[in-house]
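Undergrad: Residues 5 to 739 (our numbering) are what the sequence shown spells out, left to right.
Hints listed in this document are in silico derivations from the structure and should not be mistaken for laboratory results.
Note that beta-carbon positions come from the ideal geometry of N, C-alpha and C, so glycine has one too.
Check before you lean on any hint, since a few could be wrong.
Each computed EDC-like pair below joins lysine to aspartate or glutamate, with the alpha-carbon atoms no more than 16 Å apart [said to hold, decoys possible]:
id : residue 1 : residue 2
1  : 135       : 225
2  : 289       : 180
3  : 550       : 563
4  : 206       : 180
5  : 579       : 10
6  : 419       : 379
7  : 106       : 316
8  : 550       : 560
9  : 423       : 396
Simulated restraints, written as ranges between beta carbons of each label pair [unchecked claim]:
id : residue 1 : residue 2 : range
10 : 10        : 157       : 32 to 40 Å
11 : 266       : 37        : 29 to 37 Å
12 : 275       : 602       : 52 to 60 Å
13 : 158       : 734       : 29 to 37 Å
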Amino acid sequence: MFGTYDRPDQRNMLDQTRQGVIGKPLDRPEGPLKVAGQATYAAEYQRPNCAEGVLVGATISQGRVTAIHRDEVLAMPGVLGVYAADAMLRRAAQGMAAEAPKQDVQIVDFPMQPVALVVAETFEQATAAAKALRIDYEETDAVPFSPEGQETEPGSEPIESGDIEATMAQMAHTLDVTYTTPGHASAAMEPHASIAEWDGDKLTLWGSFQMLRYNIKELSDSLGVASRNVKIMSPYVGGGFGSKLGISHDAIAAAVAARDLGRPVRVVLSRQQVFEIIMRRSESKQRVRLGADAKGRLSALGHEAWVSNLPEESFAEPVVQATQFLYAGENRRLAVELARICRVTAGSVRAPGEAVGMQVLEAAMDELACQMDIDPVELRKRNIPATVPGEDTPYASRKLAEALDEGAKAFGWDKRAKKPCQRREGEWWIGMGMASAARVNMIMPAQARVTMRADGSVLVQSDQTDIGTGSYAILGQIAAEMLGQPIDRTTVELGDSSLPSGAGSGGSFGAASTGSAVFRACEAIRSVLAGRLKCRPDDLQLQDGKAWAEGIEPRDVTDLLTGDIAKIGQIKPGKTSNSHQQATYGAFFVEVAVNAFTGETRLRRMTGAFGIGRVLNEKTARSQCLGGMVWGIGSALTEELAFDERDGHLVNHDLAEYHVPVHRDIPPMEVIFVEERDPVASPIQAKGVGELGICGAAGAISNAIYNACGVRLRSFPMTPDKVLAELPDPFKTAK
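Generate the whole structure from the sequences, applying the supplied hints.
TA: And the structure:
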């Protein structure tokens, strides 16, 4: 039912229903299964006679495989086969590619790229054989290992208007600074894993994926089989953060081996392999230019970024994505340049673009505010444009000013010292910082089936995945609200590619897109019920299993059901996607303590205020914001991929050396939701929330460090050694 979303739905229907479950902080229905260890993840399915596969990584940086000495390991105990088929992947698929990524594992693009799969009866036997496998190579060095000093090409079409050079020369206040950010890893809790099983020419694959509608096409294209003969099961995913948007090496390798052996094959990546071969966020160098008049109004805005990727990969980290619409400045240049280097594929990592672009832009805005001696919150409010600069495109609902004001009030921003080194507690400098948050919003094509059974209970079905974000809870709440059933009478089935195709989990569009499909399916069911009750659909009231309308006495909804009512709802992006600039907005406020002797930074408290449209589930939305803020802490203080520039290999390839924030790093955190409805964004007036919490958070921490101790670093992460080198004399400035 229904198709493209061409006109904003102004009915606010979910504000008029009566069940009262939408927006409530309900628990995730699958939560008990997960904490009890009863939710089955990809590697845990028990398939009869399942063999075990281990991927073998290249020991060179670039070149080609000339010989694989299979016979030596085939003689080892339990070994069943060694595979290096042309169909196996040499690069993980980019998100939403819907086609096979680079194949032919004989060509080596980066260190540790998978070049073979060893399969044995047991994991231990496969591991031993994989380590023993001898491979001959022909090495080349055609591609550099580091982006420094390399030629670049446009990563996207530059956005230019006016004359930024001339305007900068005329402005009362200007800033021209360069920041750097390192590469990041998704580091999801569950490693990539697949179990492949064939039944004739039909493949079933149990895997850890985010976007089944695209993953089916990627699998079928890679293997040369029809999409209708491929089924993916992915009901529980232990995190993805972009790394599981596309298929990865384990899926194709398992399928190739299983087809040859005639039995199921399981392939699970080690933690080191996840870091080395799946996906990275590109490092970046960013130049920001700001030119403002005496009142702090921007007329010039430049944001240029340099990122990297493998040759022939089209993805370039969209660093300036939010800069395009966030602040004023009619004279502008926004550009991304791409260097080709020999490192693992760069792709989508949580909040691609804004995650690193916003933290730098917001640090630069703080520099300008300090230079002008103007409150950083006020500077941002003065530069909220009426329409998108250079486009005259209107904004959909935008709660940036409200988030800035509400966050500042809740945090106690008015108590911030205006100058650095004003507050000292023992050996700790104390300071506050803030930043805006912004993330593009979109809806994607999605379908969902909703069935109201003859007993009144409700079943929601879609291949939409839940990567820990709360899809099971949210989709159930929408259906329960629309059909007037208690939430415990609503069941949600997800992660099965044979079900109607949802939007998938990525880009913060899953809940609003697939949620809108559920909403529309429920509307179709309501129309059937209204016809049987002999009232208009708009007049139908449903609550706690009762149905009524004005002048019509309440009846049990089961009285209107002669059997099951099943409807498929769908949504596609339409005219609303281009008629308005759609985004989510927010603001971060942070208090830090910086040790005057060691340079260590400790967060003391953190507040985020966010406008995300309708909040579908307060608990899951808050969790998403908290998770994003934790990512921001890591980006600001601890996280960086370290590559050896001599041969391109990743040095810190596990969670022991790649330092994600841990419990001790996280301060008391507050999340505030600014009341908002956005009918332009979706029929349910909701927008995305999953990635907003990271966008700008690291900039707020950087700004707080400066306010605390006067150290303005332009290289993330801001580790103690970097801070220590710039600290003032702890004795001369001690209070």
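Undergrad: Run every hint past the structure and note whether it holds.
TA: Each hint, compared with the structure:
1. 135 with 225: It is violated: about 30 Å lies between the C-alpha atoms, which goes past 16 Å.
2. 289 with 180: holds (13 Å)
3. 550 with 563: holds (9 Å)
4. 206 with 180: violated (58 Å)
5. 579 with 10: holds (4 Å)
6. 419 with 379: The hint holds at about 12 Å.
7. 106 with 316: The hint holds at about 9 Å.
8. 550 with 560: Judged against 16 Å, a Cα distance of about 5 Å means the pair holds.
9. 423 with 396: violated (38 Å)
10. 10 with 157: 32 to 40 Å: holds (37 Å)
11. 266 with 37: 29 to 37 Å: holds (33 Å)
12. 275 with 602: 52 to 60 Å: Violated, since residue 275 and residue 602 (Cβ atoms, about 30 Å apart) do not stay within the stated range.
13. 158 with 734: 29 to 37 Å: violated (47 Å)
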